[in-house]
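Protein chains: 2
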Amino acid sequence: MNIAIVGLGIIGGSLAKAFVKYTDNRITAINRTRSTLEKALADGAIHEIGTADSLLSADIVYMCTYPDHIVEFVKENADKFKKGCIITDVCGIKSEICGRMSEICAEKGLTFCGSHPMAGKEKFSYDASEADLFQGASYIIVPCEAPQSAVDTLSDQAKLLGFSNIRITTPSEHDRMIAFTSQLPHVLACSYVKSPCCPNHKGFSAGSYRDVSRVASINENLWTDLFLDNKEPLCEEISILIDNLTRFRELIANDDREQLRLQLKEARLIKEALGE
Amino acid sequence: MNIAIVGLGIIGGSLAKAFVKYTDNRITAINRTRSTLEKALADGAIHEIGTADSLLSADIVYMCTYPDHIVEFVKENADKFKKGCIITDVCGIKSEICGRMSEICAEKGLTFCGSHPMAGKEKFSYDASEADLFQGASYIIVPCEAPQSAVDTLSDQAKLLGFSNIRITTPSEHDRMIAFTSQLPHVLACSYVKSPCCPNHKGFSAGSYRDVSRVASINENLWTDLFLDNKEPLCEEISILIDNLTRFRELIANDDREQLRLQLKEARLIKEALGE
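If you read the protein sequences in the order shown, they are chains A and B.
When we follow this note's numbering, the leftmost residue of the first sequence carries the number 1, and every step to the right adds one.
When we follow this note's numbering, the leftmost residue of the second sequence carries the number 1, and every step to the right adds one.
Please note that the accuracy of each hint is not assured.
[To be verified] 20 Å max Cα-Cα, derived DMTMM-like pairs, lysine to aspartate or glutamate:
| no. | chain 1 | residue 1 | chain 2 | residue 2 |
| --- | --- | --- | --- | --- |
| 1 | B | 194 | A | 236 |
| 2 | B | 123 | A | 272 |
| 3 | B | 265 | A | 258 |
| 4 | B | 231 | A | 255 |
| 5 | B | 194 | A | 258 |
| 6 | B | 231 | A | 256 |
| 7 | A | 265 | B | 122 |
| 8 | B | 194 | A | 122 |
| 9 | B | 194 | A | 266 |
| 10 | A | 194 | B | 243 |
[Said to hold, decoys possible] One-sided excerpt, in silico: chain A residues whose CB lies under 10 Å from chain B:
| no. | residue |
| --- | --- |
| 11 | 43 |
| 12 | 47 |
| 13 | 84 |
| 14 | 85 |
| 15 | 121 |
| 16 | 122 |
| 17 | 137 |
| 18 | 181 |
| 19 | 182 |
| 20 | 186 |
| 21 | 190 |
| 22 | 195 |
| 23 | 201 |
| 24 | 204 |
| 25 | 205 |
| 26 | 253 |
No lab work stands behind these hints: they were computed from the structure.
Even glycine gets a Cβ: it sits at the ideal position worked out from N, Cα and C.
Same shape as in the complex, but just chain A (with noise of 0.2 Å):
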């Protein structure tokens, strides 16, 4: 098949890298900084540097750049793409892209299958990108209203891409998990290293410290465009959070002792339950 890749940040270079190694599709990329569609072709992620033009002959299309990028590339190209081709994403948030993407292809006659590849780093340009960075991770699949044979192409790529576990859901589904698996983990870590003691914790710290904070290293533009993407949901998870911290702290200063054993408890039982 052929394979485009528009946008080669960390996924996109991944997914071009991965392709290259797992597969013999052959890999056209479309970036905006030309510098770096040279480094991947010398690299060999990728086969060809490829224009809007050449998305005439790509069986699929990974569209890998920020959510509004997506929506305005697709309309802007809607007659270069060749019949029968899958436009897929790699977009953090669904309910959003779906509507409009589904709108314009629906209108031009082309198939709009959203995914979601559960893998990143706290890196984020194509030089964090590596062949092996979905080994074992999720791929989510949003069909939105595309047809099971896109879904079934998808699925059997991202398999031989190395992920080992694909979810099919709906854009809201999709969007409220997200908000509390991934995106309530990066408000998080951006709060959490807004403390005053935290420039001084070299020293006091260990792996817990690592573990909260590290997303703290967010591309901001990006994440901005997420969050606001997925409003309500998100809203909704920090206000949880904020309750449980709520009720957490003041069974500290009540010293209330068999209450914070036993939400202590009921937590760790949570986990347990749930392994990894």
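Add chain B to chain A, keeping to what the hints say.
What follows is chain B alone, placed relative to chain A:
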């Protein structure tokens, strides 16, 4: 030197194993559960199973039990320690322990020098202990009223065990910093897993979820004591975090794109300036 370790949980057990692996010291252990001592002896993690009478030959006694038990044990056995021996602990709070221990030790002519190895895991029994748990970790020494020679002895031993960074501080600075670096992440993890979304996280989660939730596998008995013994600094850190989360929630709810971006950027710059 003769080393006595009282309490063979993850920290006591790891100290024993590290002493055997990296020093020529002779290691005696005292533990409530006899079978753990027998296991440790069979593992070669200790040289001898001790009783309170073994304290007479110990040059350093590492108290690795719960905070309350440390004070009780030393009080009860105060006449059995060797003259000139150093008693230390591995406890996660210091104002409470140092105050009570310094008083008892002063009465009996013993030296107490607090310490806190900044290492651990989300498991807490002897079975989770390992000789290399402390490699590269910080060792915090809280001298209380101990002489410099005791600080030097503990520091020298810590370096032999693999600690790479020795930090000497006061009880109150220790407790304020630990409230932020260690206790808050534990309260946070337990608050986080209580979201109604948590049981459904599988397939939707990756590193961010795993990192924030990791220490929800908490030892509720130990941490209830630690939290209540450090009530004020911890409640203050919880409040600071709640304030920061509340501010982010407001920016998101109000669609304040520019401030949100700036606040996220500020967090990134704090994190980047601190490196790890």
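Results of checking the hints against the structure:
1. B/194 / A/236: holds (13 Å)
2. B/123 / A/272: holds (11 Å)
3. B/265 / A/258: Violated, at about 41 Å.
4. B/231 / A/255: Holds: residue 231 of chain B and residue 255 of chain A sit about 8 Å apart, inside 20 Å.
5. B/194 / A/258: With Cα atoms ~18 Å apart, residue 194 of chain B and residue 258 of chain A stay inside 20 Å; holds.
6. B/231 / A/256: Within the cut-off at roughly 11 Å; holds.
7. A/265 / B/122: Judged against 20 Å, a Cα distance of about 14 Å means the pair holds.
8. B/194 / A/122: violated (25 Å)
9. B/194 / A/266: holds (9 Å)
10. A/194 / B/243: Measuring from Cα to Cα gives roughly 10 Å; hence the hint holds.
11. 43: With a minimum Cβ separation of about 24 Å from chain B (threshold 10 Å), the hint on residue 43 of chain A is violated.
12. 47: Hint violated; residue 47 of chain A Cβ to chain B Cβ min 29 Å, cut 10 Å.
13. 84: Residue 84 of chain A check fails; min Cβ-Cβ to chain B is 29 Å, beyond 10 Å.
14. 85: violated (27 Å)
15. 121: holds (8 Å)
16. 122: It holds, given that the least Cβ distance between residue 122 of chain A and chain B is near 9 Å, below 10 Å.
17. 137: For residue 137 of chain A, the interface hint holds, since the closest Cβ of chain B sits about 6 Å away, which is under 10 Å.
18. 181: Holds. Min distance 4 Å.
19. 182: Since chain B brings a Cβ to about 5 Å from residue 182 of chain A, closer than 10 Å, the hint holds.
20. 186: holds (7 Å)
21. 190: It holds, given that the least Cβ distance between residue 190 of chain A and chain B is near 3 Å, below 10 Å.
22. 195: Cβ of residue 195 of chain A sits 5 Å from chain B, so the hint holds.
23. 201: holds (5 Å)
24. 204: holds (4 Å)
25. 205: Status holds, d = 4 Å.
26. 253: holds (5 Å)
In terms of the numbered hints stated before, the structure departs from hints 3, 8, 11, 12, 13, 14, listed from lowest to highest.
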